[in-house]
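Asks: Sequence:
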Amino acid sequence: MPSLRYAGFHPSPDWLPDAIPLDSPKATPKALFASHISTRTPCILLPPKTKSCQSSLPTPAASPWTLAALRAHAGSTPLKIERKSPAGSFGSGAPRTMMPLADFLDRLEAGETDLYLTTQYGGEEGVQEGPERAFLEYCQPPLAQLAGLFEHRPAVLGNLVPQQVNLWIGAVPPNSPHGTSSGLHHDFQDNLYVLLKGRKRFTLFSPRDAPHLHLHGTLTRVHPNGVPNYEGSGYVRSDGAPADDVAEWRVAEAERRLEEAERDGVGIAEAERAVEVAMGAALRDGTAGLRDDFEGSEFDDDFEDEEDEDEEDAPSWGTAKRKQAVGAVKSAKRARKGPEEDKELESKEPPSFSRIDVATLHSSNSPKAFSSLRKATKIVVDLHCGQMLYLPAGWFHEVTSYGDGSDGVHMAFNYWMAPPTRANFPNPYEDGFWESRWTIIKGWLDGLMGGEGTTRSDAIAIDDVEEEEGESAESAPGGNGLDKEIEGYTVQEMISNTLFAKDNDLDIALGIGDSTRSTKDRNDGRLKHSQSSTPPVPVGLGPLDLREDVRKCEPMCVVMKVRRAKPDGPFPDP
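Using the numbering used here, read the sequence shown as starting at 23 and increasing by one per residue.
By construction, these hints were calculated from the structure, which means they are not laboratory data. Each hint should be verified, as a subset may be incorrect.
Claimed, not checked - List of simulated lysine to any residue pairs, SDA-like, C-alpha gap at most 20 angstroms:
(1) LYS48 - ASN181
(2) LYS370 - LYS52
(3) LYS397 - LYS102
(4) LYS400 - THR63
(5) LYS400 - ASP231
(6) LYS106 - LEU137
(7) LYS106 - ASP429
(8) LYS52 - LEU218
(9) LYS102 - VAL380
(10) LYS370 - GLU253
(11) LYS71 - LYS102
(12) LYS400 - HIS234
(13) LYS102 - ASP125
(14) LYS400 - LEU38
(15) LYS52 - ARG27
(16) LYS48 - ILE66
(17) LYS48 - TRP37
(18) LYS370 - PRO117
(19) LYS397 - PHE31
(20) LYS106 - ARG377
(21) LYS102 - THR141
(22) LYS106 - ARG129
(23) LYS400 - PHE31
(24) LYS48 - PRO82
(25) LYS52 - PRO69
(26) LYS370 - HIS384
(27) LYS102 - PRO117
(28) LYS102 - PRO163
(29) LYS71 - LEU218
(30) LYS48 - ALA398
(31) LYS370 - GLY254
(32) LYS397 - LEU218
What the hints assert, rightly or not - For each label pair, taking beta carbons as the anchor points, the in silico distance ranges come out as:
(33) GLU282 - SER34: 47 to 57 angstroms
(34) SER386 - PRO199: 11 to 21 angstroms
(35) ARG396 - ARG223: 15 to 25 angstroms
(36) GLY408 - PRO196: 11 to 21 angstroms
(37) GLY408 - SER57: 13 to 23 angstroms
(38) PRO35 - ALA132: 39 to 49 angstroms
(39) PRO43 - GLU281: 45 to 55 angstroms
(40) HIS200 - ASP36: 19 to 29 angstroms
Yeah, the Cβ is synthetic: ideal placement off N, Cα and C, and Gly gets one too.
From just these sequences and the hints, can you work out the full model?
Replies: Here is the structure:
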């Protein structure tokens, strides 16, 4: 029997979620945490009633959240597109089809309704551990190409930490009363679901009803905050963190503190002891099946700490033991994140999905095969364009999508947030694992945006670059009939900039600081650069080339000059 310890909100049959305007006092981060997030209660967030309320969350009709703008910003981006199952629903384990975003949108607008853009797993493959990989795990295509155009960490959710953002696009026949279904499932993260186009109908069940929902996986436990664990999936903490990732982070943090202690000459013995404890936990987690018997937190009281380490009995570790501990963690990570993971995801139904078909789910009668469904409390919620649904982790939901009257297309953006383990607004997690990970992602995003703590919403397109008064293209800096140059943007910012989505006929000069210039001759492809102590930076001539080349650059390389070249001439040397 699974250990069912869910201690959050469970609805009555006639319950409906609160609908809260974003400019309401009830929607302040602290108030929302107290009333809904910490109690694990879904709610609907409505657009602000007053124009004075400013928010950079995605909204309908705002760039780039229209089909035309998506084409301009990221049309060439290759994506994995899901096809409707024979049963007429999405969310199955069927293989996906690769196609550029622009082609996918064209097919939707042409009337195809069996295609769906969903999460894009595997984009970080081949990228070594570090800031770029963390960014790609957080922000997958096509949102990686749009990273300057949305709020990265939604302020309304207070101190919750983002794990991932996603874009969801599909279509039904225009004006059809019938929608397409996601299938009944749950997420492992808190979800802020922003509807940008169309209409959605959510059928909800609380985590308490998990035993009645006929899941594909074998449930082993439901944590007090609603996060489930499944047999064969490894141990996942109640905040959604895999135990092996946490063990690796703790070793790294302990070693970092030891380096600081040795540098300062203070607290060395204590820091060494912390390293020993962290390595002991890493070895234990890596060799004991990720501690499936690890105790969870008491959610009812104050989400008490889940970890209970006995530091007094910690063993002494030498270099060999450290290698053994780190090796155990890496082995566990390989088992969980092997190269076949993506294929496995596409070859079988996820454990978090229900076997109950959509027709049965929406029926008032439950057949004998799903008779347990009668014991569950079903809630139906309609979400309209411009509204947002906050859904805590572990809440089961089936989403039926409907288009609007124009083209039948529906679109949504969502944030997946690490679920809290404490009813503590300033510190909703038991340790710094998620905040530490976000610091890495934010550092990469700051480099991408060209400034600390900012989110650029003014991506520059070629059409936006105006000539200075009295200056023509023929007399622009550098001559040779080039458009006016653009300077001062970081390499990562240019990846998501519409500058490269609109024109394949660009030459780019990149440099670090003011000392380096590098160009690529359009005629023979040779790299040219001025004399400098800093090595030249690879450059590309178009969107796809640039995106490949900039992966080799440092995050804060500066785009020194960007000009449109004549078709018959190379970009001139600086």
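Asks: Given the hint that LYS370 pairs with LYS52, does the C-alpha gap stay at or below 20 angstroms?
Replies: 41 angstroms, violated
Asks: Does 15 to 25 angstroms hold as the CB distance between ARG396 and ARG223, or does it fail?
Replies: 21 angstroms, holds
Asks: Could you grab the alpha-carbon distance between LYS52 and PRO69 and see if it respects the 20 angstroms cut-off?
Replies: Status holds; Cα separation ~19 angstroms.
Asks: Given the hint that LYS370 pairs with PRO117, does the C-alpha gap stay at or below 20 angstroms?
Replies: 10 angstroms, holds
Asks: Given the hint that LYS400 pairs with HIS234, test it: the Cα-Cα distance must not exceed 20 angstroms.
Replies: 11 angstroms, holds
Asks: Look at the Cβ atoms of PRO43 and GLU281 and judge whether their distance stays inside 45 to 55 angstroms.
Replies: 49 angstroms, holds
Asks: Starting from LYS397, check that the Cα of PHE31 is at most 20 angstroms away, please.
Replies: 17 angstroms, holds
Asks: Given the range 19 to 29 angstroms, decide if the beta-carbon distance of HIS200 to ASP36 lies inside it.
Replies: About 27 angstroms separates the Cβ atoms of HIS200 and ASP36, which means 19 to 29 angstroms holds.
Asks: Can the restraint linking LYS397 and LYS102 be considered satisfied, given a maximum Cα separation of 20 angstroms?
Replies: 38 angstroms, violated
Asks: Holds or violated: LYS400 and ASP231, Cα atoms, limit 20 angstroms.
Replies: 9 angstroms, holds
Asks: Tell me if the straight-line CA distance from LYS102 to PRO163 falls inside 20 angstroms.
Replies: Holds. LYS102 to PRO163 sits at ~10 angstroms (cutoff 20 angstroms).
Asks: Within 20 angstroms, alpha carbon to alpha carbon, are LYS400 and LEU38?
Replies: It holds: about 11 angstroms lies between the C-alpha atoms, which stays within 20 angstroms.
Checked against the numbered hints above, the structure breaks hints 2, 3, 8, 9, 11, 15, 24, 26, 30, 32 and satisfies the rest.
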